Structures are given as structure tokens and as C-alpha cells.
Amino acid sequence: MNKSKPILDVCIIGSGYAGLNAARILSSHKIKAEIYSSGYGASQLWAGTFDFLNLDNFKHEKIQNQLEILKDLSPLHPYRNLEYDRVKESFINFSKEFPMIDLFIKDGEFMNKNVLTLIGNLKPCLGVWKTVFNEFESLKPNRIVILVDFIEFNNTSMYLVKKSLEVKFLCEVIIIEISFFELTTLCIDERENTYLNSRLSETRIGRFFDKHCKDLKIFSDFIITILSKKMENSQIPKIEAYLFPPILGLENNIEIIDQLTGLLKKPCRELVALSPSLLSRRLENSFKEILEERNFKIHKPFTLIDIEFNSCQSRKIWILTFKKRNEMEVKVKAKNILIATGSLFSTGCLESSDLMKKTFNKINIDLSNQPTNNFELVHRNSDKSHIYLCGSSIYFFNEDLTDEDEIKFFTGLGLAITTSYNVANFIIKSK
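Quick note: the sequence shown uses our numbering, first residue 1, plus one each step.
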């Protein structure tokens, strides 16, 4: 073991949003923490919505009311330990550093609100990426919505969006299909255009718009030209919004949407994706920008293969063994461990229930015991374990809960943010 390697205050296992948010909070208080991660997880599937809780029969109740109802419906749910004031505090803290996500508030209280997905259905959630459409009050009979799509993707889902809007809001919906190849021929030279279109992907389209975020008039003129062939000039004033797939930029998305809104003189918005999209990359990049400014270290790809402890020192020091692909093992010392991984893509000693039990039994932790109110695993001799859970790991480590329980109540990004906020602040106060 490298004797000179410093002892961390916290070793965070997992680089999803729970782990990243814990890192953000700990680093803001100068806590010596680092992330070790295999590099894969459910956070990479994030579709753009801030999901905290959505009970079927109480979709538009205040979150505070839903939280109390849930505690009766599911006494073992991770939210049983959360007081609403603390939940609200975590949301406010998050929104201050991530203004690109709009959280829905009415009369000072957080509430679920519908957003429009890429397959046309309405999805209740607590918040959404700033450029995603949720202004349904503007959709009225005799008003027009323009759906903009790229023909290279052969995407039929826009027809589902069209049908949904026309049925629910009685507005007229017009789909215009744009050739990305034609658009790029107007903006860049032939050589670059051939390369860009040789292996077209959402990422390449996103980066193209990032690069041209200052000169989008060619794009807006292109839209207007196509639109003029599909509708009369007298109909133009009836347009309420232009809606796009969520591929308009990775780094400069909000600026791109603002520019298009100014050029087209109507609100431009994106739709929520229901599969992996650029939306998850945008949020991950926002986290990483904050952590890079603080010189926070994220180590990838590392698989946790063992946990042991050195009880010879004045307080228990955990020794974690990680392995990088086809390389030698790395040992990390830490006073606290924060596990922020879920069941999806789990590897090493967290790969299966049997391996987990074997690993934690060895360090006198019985996983059949419920974690404490602070999401800390319980040591057999009643000592503090200093091993904490946040995000989906709370389900993953609980024998009485399953992945279905997590999905059932729509606890997504909100679960990651709230629980990581609580655990990180508990560690800070305990230091």
C-alpha cells in the first residue's frame, strides 16, 4: 500500500448524480473527498426531468402532502426518514447551482407539473431542464404548434406528439422535416460536411449546434423557408411555439434556444426524451464544471473488490480495494464511505446480493438491518459504521425493497439529490 497516500475524509463510490451531488456539497465545505467509479450507471439514462415523487392518485398534490401520504403507504420507503423542510432545503440548494433546471413552485410550495415527452404523452414531474416545453396554457383552439424534426433519424414519434396535442388541446399541429445534411451544406465546407454526415448521431448534431450557436440565422431561415411551403402567411401569427427533439447543443443549449426564440419570434422549446439523450450529458457536464473548478478528483474506471478496516488507529479507517481494468489493484484509505451506486451495471463486490453479504459480513455489517435515519449502515456491535447510502443504493442495499419499488413512486433525480444532500451534510456536521 502506498504509505504516502493521504487518508480521505470520504470515499464516494459511484459517479452518478447522487455521487456527484454529494461531491459538490462536500467540496464546498473543503471536505477531502474523491469519487471512484466503474463509469457506468443509471444516471446516464436521465431523460431531462426532476422526479422526486408521483403518487398515481395525487399527481398534482403538493409534494409535502404526497410525502406524508407515502410514509403511510410504504413505511420502509427511503423517504420515511425525510422531513419536508429538509427536502425543500435540498431542492433550494440544488437550484442555486443549477439554474438550467426549472423546479415547479406554486404559492411557495414545490408541486408536480406536466411536461411533454418525445412520444406525445404528458409526464408529471417536479422540475425539468430549462429548455423543455411545459407552457400548456398557451395551447388553445385555433393556435398552431410547429414540430421540427430531422429526416435522417426517420423519427415517427413526432406524429405521436402531433396526435396528442391535437386531442388534448384542440390546437393545430404542423410537422416540418428538415434534412440535417442540407442544413450543414449551407453552413460548412464540403469536406467537413462529408465527415459530419458520415456517421450521423445525436452527439454530432448537438456539437454542430454548439459550434454555430452564434450564427443560427441560417437555421431559422431554413425553417421559415420550409414552413412557407406548408402554410399560408396569414397563419404565421397563430404560431404559439416551435418544438424540437432534445438535440440542440451539449454545452450551449440554453443560448441556442434563446437565439432561435429571438430569430423565429416565438418560443422555441425541446421535448423530454424517454431514452438516453443529450439531456443527461448536459447535466453531467454541469456537475463536472463545478467539481473541476474545485479540483475534485473523479477516478474511472475502478471496480470496488473489497472493503476492510484498520482498527489499530485512533478511529476506524476503512481500506477500500479497487481494480482498474487489466491493471494492478489500488488501495484507498477513508474515514467515511458513501455508496452512491444502484443495481444497474453494478460490478465487483457489489455485483450480486451474495457477494455483497459476504463482503459486509466480514466487516460486521448485517445488511438485513435497516439503515439509520441518516442512511448509515448498522454495525453489529452498535458502533457507528461510517458507511452511508444515498440515491438508488438505498434500494439496492435493502432486502425489503426492489427496483420495482423505486420505479413505482417515480423517485428519480429527486431521490439522488435529496438523499445525497442529507448524507453529505450529516458527514460535514459530524467531522
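Honestly, the hints are just simulated from the structure, not real lab data. The structure presented is a predicted model; accordingly, all values stated were derived computationally and were not measured. For every residue, glycine included, the Cβ atom is placed at its ideal position computed from N, Cα and C. Hints are not guaranteed to be accurate.
Unchecked claim - Keeping only pairs whose Cα atoms sit at most 16 angstroms apart, straight-line, the calculated EDC-like set for lysine to aspartate or glutamate is:
#	residue 1	residue 2
1	K162	E177
2	K266	D306
3	K130	E255
4	K331	E34
5	K335	E135
6	K358	E293
7	K331	E293
8	K431	E404
9	K266	E83
10	K316	D9
11	K229	E177
12	K300	D258
13	K238	E166
14	K30	E376
15	K335	E376
16	K32	D9
17	K71	E83
18	K316	E255
Said to hold, decoys possible - Now the in silico label distances, taken between C-beta atoms and shown as ranges:
#	residue 1	residue 2	range
19	I407	Q64	21 to 27 angstroms
20	Y40	L160	38 to 44 angstroms
21	S228	G108	42 to 48 angstroms
Restraint status (C-alpha distance of K162 to E177 at most 16 angstroms): holds (13 angstroms)
Proposed proximity, E255 with K130 (alpha carbon, max 16 angstroms): Measuring from Cα to Cα gives roughly 11 angstroms; hence the hint holds.
Given the proposed pairing of K238 with E166, does the C-alpha separation stay at or below 16 angstroms? Answer holds: K238 to E166 is near 15 angstroms, not above 16 angstroms.
Cβ separation of Y40 and L160, checked against the hinted range 38 to 44 angstroms: Taking Cβ atoms as reference, Y40 and L160 lie about 30 angstroms apart, which means the hint is violated.
K316 and E255: Cα distance at most 16 angstroms? The given pair, whose Cα atoms are some 49 angstroms apart, is violated under the 16 angstroms limit.
Within a Cα-Cα threshold of 16 angstroms, do K331 and E34 meet the stated pairing? holds (13 angstroms)
Between K358 and E293, is the straight-line Cα distance small enough, at 16 angstroms or below? Judged against 16 angstroms, a Cα distance of about 39 angstroms means the pair is violated.
Please verify whether K32 and D9 have alpha carbons no more than 16 angstroms apart. OK: K32 and D9 at ~5 angstroms, within 16 angstroms.
Mind checking the alpha carbons of K266 and D306 for me, to see if they're no more than 16 angstroms apart? Answer violated: K266 to D306 is near 56 angstroms, above 16 angstroms.
Holds or violated: K71 and E83, Cα atoms, limit 16 angstroms. holds (11 angstroms)
Given the hinted pair K30 and E376, is their alpha-carbon gap at most 16 angstroms? violated (22 angstroms)
Going straight from one Cα to the other, do K335 and E135 come out at no more than 16 angstroms? Status violated; Cα separation ~48 angstroms.
Hint compliance for this structure: hints 2, 5, 6, 7, 8, 9, 12, 14, 18, 20 are broken, all remaining hints hold.
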